[in-house]
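> Sequence:
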Amino acid sequence: MSSPSYPARYWHTLPDGRLQCDLCPRDCKLHEGQRGACFVRQREGDQMVLSTYGRSSGFCIDPIEKKPLNHFYPGSSVLSFGTAGCNLACKFCQNWDISKSRNMDRLMDPASPEAIASAAVQHGFKSVAFTYNDPVIFAEYAMDVADACHAAGVQTVAVTAGYMHEQPRRDFYAMIDAANVDLKAFSDDFYIQLTGSHLQPVLDTLLYLKHETQVWLEITTLLIPGHNDSDEELAALSAWVLQELGPDVPLHFSAFHPDHKMRHVPATPPAALVRARHIALNTGLHHVYTGNVHHVEGDTTFCQACQAPLIVRDWYQIKSYRLRPDGRCPDCGAPLAGRFDAACGDFGRQRIPITIGR
277 MSSPSYPARY WHTLPDGRLQ CDLCPRDCKL HEGQRGACFV RQREGDQMVL
327 STYGRSSGFC IDPIEKKPLN HFYPGSSVLS FGTAGCNLAC KFCQNWDISK
377 SRNMDRLMDP ASPEAIASAA VQHGFKSVAF TYNDPVIFAE YAMDVADACH
427 AAGVQTVAVT AGYMHEQPRR DFYAMIDAAN VDLKAFSDDF YIQLTGSHLQ
477 PVLDTLLYLK HETQVWLEIT TLLIPGHNDS DEELAALSAW VLQELGPDVP
527 LHFSAFHPDH KMRHVPATPP AALVRARHIA LNTGLHHVYT GNVHHVEGDT
577 TFCQACQAPL IVRDWYQIKS YRLRPDGRCP DCGAPLAGRF DAACGDFGRQ
627 RIPITIGR
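Take the working numbering: the final residue in the sequence shown is number 634, and no numbers are missing along the way.
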């Protein structure tokens, strides 16, 4: 089954007649019928089209902490969906069956932007998340969904590698309320060898989000043994976040499991995540979390002023929520950076599939 073609933005014609995609730094240059590295942006005649508009690889109800976002309406439920394809080539991809899919029959859940927004309102979701694969490559669809969601009073979340050019970055994040950006390593060699991309555009996205937008930002680094987990690299990454983004941007260290083209690499030991967390905290970051392992301390949000536990989590379940409705610590009154309200949401909800029609 083929997807209907939807006119794409962000491309131009080269002197030799090829069309260059201007969405991300890959700058794919296409002859007739060719697809970009992401697989979903394709040349048809004299235009670029997006082949996955309006079609999803599935919809789920997730806890917002699963994105992971620990400071964006904690405990709330988020309607999550993705499409297929990706503009990176991560050898360690944990969602490779979706991001590396070349079979459009995977996209069995059609939904218009209006249907998605309507479902979010109907089920009482605080937000809709573009996730599972990178929303950068389906930016036109994501932005139309965001328009519909905002019109209905629903917020939007992007889970992304942050690999995109300046103009689409500005257009896309004008529609986004919160983002978790993968900072996959703090080495360009790592990005080149293991993702087929470069570090600097990701740093540019992080700087842009922090200093030129109101998007709530959190960062995730998947810790891969022997590749990006040395004390020196973790200290350098943490120092850059502190100096360039500030101490209140939450940083998540997540455990790798053998997958895709790196099945020979062992899983991340829990102790490595604890070590990474301590390095980042000692650098001066206020909120550092561990993910994909059972570590209550690494799941807990502490007051940066008095160190009182404010939100105690066990995996994705909130066991204790002591934050005041105005987002301040009840013990010392210090504000916690993030987005909070009086309603904490449906604590502990696990992923639930959901069907959405057109």
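If you are wondering where the hints come from, they were derived from the structure by calculation, not from laboratory data. Cβ coordinates follow ideal geometry from the N, Cα and C atoms, glycine included. Honestly, I wouldn't trust all of these hints.
Listed next, the in silico DSSO-like pairs over lysine-lysine satisfying Cα-Cα at most 27 Å (straight line) [stated by the list, open to error]:
{"no.": "1", "residue 1": "486", "residue 2": "537"}
{"no.": "2", "residue 1": "342", "residue 2": "595"}
{"no.": "3", "residue 1": "342", "residue 2": "305"}
Distance windows between CB atoms, simulated [unchecked claim]:
{"no.": "4", "residue 1": "508", "residue 2": "282", "range": "27 to 33 Å"}
{"no.": "5", "residue 1": "558", "residue 2": "322", "range": "31 to 37 Å"}
{"no.": "6", "residue 1": "486", "residue 2": "321", "range": "18 to 24 Å"}
{"no.": "7", "residue 1": "543", "residue 2": "465", "range": "45 to 51 Å"}
{"no.": "8", "residue 1": "465", "residue 2": "547", "range": "40 to 46 Å"}
{"no.": "9", "residue 1": "291", "residue 2": "558", "range": "24 to 30 Å"}
{"no.": "10", "residue 1": "597", "residue 2": "397", "range": "23 to 29 Å"}
{"no.": "11", "residue 1": "370", "residue 2": "474", "range": "29 to 35 Å"}
> Compare the structure with each hint and give your call.
Okay, the hints, checked on the actual structure:
no., hint, verdict
1, 486 / 537, "violated, 33 Å"
2, 342 / 595, "holds, 16 Å"
3, 342 / 305, "violated, 36 Å"
4, 508 / 282: 27 to 33 Å, "violated, 46 Å"
5, 558 / 322: 31 to 37 Å, "violated, 56 Å"
6, 486 / 321: 18 to 24 Å, "violated, 40 Å"
7, 543 / 465: 45 to 51 Å, "violated, 23 Å"
8, 465 / 547: 40 to 46 Å, "violated, 25 Å"
9, 291 / 558: 24 to 30 Å, "violated, 54 Å"
10, 597 / 397: 23 to 29 Å, "holds, 25 Å"
11, 370 / 474: 29 to 35 Å, "violated, 21 Å"
Of the numbered hints stated above, those contradicted by the structure are hints 1, 3, 4, 5, 6, 7, 8, 9 and 11, listed in ascending order.
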